[in-house]
Amino acid sequence: MAESAIEWTDTTWNPTTGCDRVSPGCDNCYALTMAGRLKLMGQAKYQADGDPRTSGPGFGLTCHPETLALPTTWTKPRMIFVNSMSDLFHEEVPLEFIKDVLDVMRDTPHHVYQVLTKRSRRLARLSDVLEWPPNAWVGVSVESARYLFRVRHLQEAAAHVRFVSAEPLLGPLGAFDLAGIDWLIAGGESGAGARRMSPEWVTDLRDRCVEAGVPFFFKQWGGRSPKAGGRQLDGRTWDEYPLTALAS
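Count the sequence shown with the numbering used here and you get residues 8 to 255, in order.
In case anyone wonders, no lab produced these hints; they're calculated from the structure.
Each hint should be verified, as a subset may be incorrect.
As the list claims (entries may be wrong) - If you anchor each label on the Cβ, the simulated ranges turn out as follows:
| # | residue 1 | residue 2 | range |
| --- | --- | --- | --- |
| 1 | 49 | 210 | 42 to 50 Å |
| 2 | 83 | 202 | 32 to 40 Å |
| 3 | 231 | 159 | 21 to 29 Å |
Unchecked claim - Keeping only pairs whose Cα atoms sit at most 27 Å apart, straight-line, the calculated DSSO-like set for lysine-lysine is:
| # | residue 1 | residue 2 |
| --- | --- | --- |
| 4 | 46 | 83 |
| 5 | 106 | 83 |
| 6 | 52 | 83 |
Glycine is no exception: its CB is placed at the ideal position from the N, C-alpha and C atoms.
Generate coordinates for the entire structure from the input sequences, incorporating the hints supplied.
Rendered as structure tokens:
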């Protein structure tokens, strides 16, 4: 089992690996850097190279059907982040493979699965042909107001739990419709070249969530390392989850 250091999940599961940059939130992608290291280490899942203009060494989109059964071997209930090293709705992931991933979720109702994508157009386009199981949480990454269209696409998905990840938050999101949104995560960028997040951007999101009754999770201020700036916002941590969250 791949235990995760990500604060809002327990475990990661990567039925696909690899991706391509699609927006500024991808500029300092930790997964792209990690894939290059894993390739050098000889990790079998990271030997396909992606297009150097948008991807990199070890980060070519690859499906791994041999990993599909992995969650069925985990008896303890977990929150599982699906594809921390990829995007399930990447254009090169076949529809039938996406359905296979959803079937695994359906067959393991003791787990909660968290699916996060930047490819919201494909998510919306497939909304009529995908049947999301109740234990699947579906989310979109939104780094600035320019990408709020991803929230609108998410609202079209027939998922039981929908969430927004405003990380890395690169600008104010401003006013947007939180109808049908069950959870919001916010956080600053970390790593070399991390871009600064303004406190006002975060407090505005927090206040909007409080007003709308949407659970709010503040992951980090960011900086050179993920924990460099800590996690407190206005003197406290914000670790709220949807009511259907499993206890770890």
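(request) Compare the structure with the hints numbered earlier in the document and write down the numbers of the violated ones, lowest to highest. (result) Numbers 3 and 4 - these are the hints that the structure violates, sorted from lowest upward.
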